[in-house]
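Now for the letters of each chain:
2 protein chains.
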Amino acid sequence: MGPAVEGRAVDKVAQRRSELATAALETLAELGYARTGLRDIAARSEYSHGVLHYYFRDKVELITHCVREYKARCATRYDEAVATATTAEELVAGFLREQTATLTGEPQMHRLWYDLRNQSMFEPAFRADVAEIDLLLERMVGRVVSRYAELSGARPRVPPTVFYAVLDGLFQQALLRQLAGDPEAASSLREAVQEVLPRLVH
Amino acid sequence: MGPAVEGRAVDKVAQRRSELATAALETLAELGYARTGLRDIAARSEYSHGVLHYYFRDKVELITHCVREYKARCATRYDEAVATATTAEELVAGFLREQTATLTGEPQMHRLWYDLRNQSMFEPAFRADVAEIDLLLERMVGRVVSRYAELSGARPRVPPTVFYAVLDGLFQQALLRQLAGDPEAASSLREAVQEVLPRLVH
DNA sequence: GACTTTCCTGGACAGTCGTCAAGACAGGGT
DNA sequence: ACCCTGTCTTGACGACTGTCCAGGAAAGTC
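For the record, the sequence lines run as chains H and Y. Heads up: the first sequence at position 171 corresponds to 171 in my numbering, and the numbers run straight through without jumps. Heads up: the second sequence at position 105 corresponds to 105 in my numbering, and the numbers run straight through without jumps.
No lab work stands behind these hints, which were simulated from the structure alone. Quick caveat: nothing in here was measured; it's all calculated off a predicted structure.
Same chains, same names: a pair is fine if it fits in one copy or spans any two.
With a Cα cut of at most 25 Å, we get these calculated DMTMM-like pairs of lysine to aspartate or glutamate: (1) Lys-59 with Asp-134; (2) Lys-59 with Glu-132; (3) Lys-71 with Asp-40; (4) Lys-12 with Asp-40; (5) Lys-71 with Glu-26.
With the hints as extra help, turn the sequences into a complete structure.
Next up, the structure:
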């Protein structure tokens with residue numbers, strides 16, 4: 001077993017892990033943490049339930065790996081809008097478009113994020129990863145806000161942490177309404193963001 | 001079995017239900033929804049696990065009853081501060097005192113609320129009750145804000161729903177930090193509220 | 001070809017889950 | 001004395017849980 005082969009083997013293993021983590025993410029998003037078993041996850045993949053303990057030590061390690069995969073998707077969501085916008089209005093429009101799209105397009109994935117973040121309030125094993133993602137999301141919001149301030153020639157009036165908490169609260173409320181079937185959830189969110197944002201940076 | 005006796009019997013039943021619901025609330029707050037079984041709940045009460053199906057049809061009905069009990073505690077939390085404050089600063093001080101007290105004093109109860117609210121994103125059976133409590137909390141925040149505006153001779157700049165979402169986002173972030181052991185969680189929350197509030201009502 | 005290593009399956013394990021029903025026990029009514 | 005009714009306990013049920021393991025399948029090495 002040479003180093004080159006080992007390198008390829010490691011990649012292969014990493015790929016399987018990622019493959020299984022994706023199946024786990026889909027299952028968790030559909031059923032929620034409390035109702036998801038390892039057999040449900042395996043059923044969604046093309047393998048049997050035993051393989052999960054071949055690639056992951058624990059259920060905790062599996063879910064932790066899932067959460068790490070999840071962060072890669074979220075952290076760059078608004079980066080394009082930040083990069084391409086040339087005016088403040090354009091940036092807000094791009095931000096709202098993207099936010100609305102995720103709210104109506106993949107609400108399951110986001111209720112999973114909130115579910116796992118809540119689990120970390122009970123299960124210390126999740127806290128480190130959740131905190132890491134939370135920081136990533138906070139920085140993402142921070143980039144949007146600071147660029148918005150730059151384009152509109154103003155200054156953020158509250159720290160990035162507060163911005164993140166405020167926008168997260170608004171999004172979570174909208175998500176709850178969206179999943180309850182409220183057709184105006186998205187438009188209410190847009191309106192709220194447009195009202196709040198200029199008052200916190202001007 | 002006359003009506004008078006029946007009336008007393010109904011009270012007795014209601015009292016037992018309440019008693020068991022209290023034990024359930026304590027257990028849920030400690031373990032979280034995903035890890036709480038009916039036997040855990042019964043162990044915390046002075047009865048055995050079979051009695052739960054004597055007073056409640058389902059696990060769902062039990063937890064629903066819990067949530068209904070929970071709301072009675074929360075909805076009046078800030079009412080005294082609203083009633084006694086004579087200046088805007090006094091009202092904010094009272095609000096922050098109460099908010100800090102609940103954050104550091106009973107964080108378990110609040111992570112349970114967020115847990116159950118998240119469960120309602122997956123389990124439609126919880127949605128109606130969760131929505132009801134959410135409305136109650138929103139109105140409570142609305143009372144604080146409108147009184148604050150009145151005392152400071154200003155106007156709320158965003159609707160009550162937005163206020164609730166914003167303050168809830170800030171509180172949830174603080175709760176996450178509090179439970180992770182951050183000693184500055186409470187003071188950060190106070191600071192954030194004092195920064196945000198005047199910018200949304202002036 | 002045989003042999004070794006890696007990968008994956010399927011079943012078994014010890015628990016726990018929600019649910020239910022049979023019986024014990026108490027108290028009042030007749 | 002008896003039964004009746006409301007309470008509560010206890011044990012059991014099938015289904016499900018995370019975990020582990022014996023062994024088959026497949027792939028790679030000599």
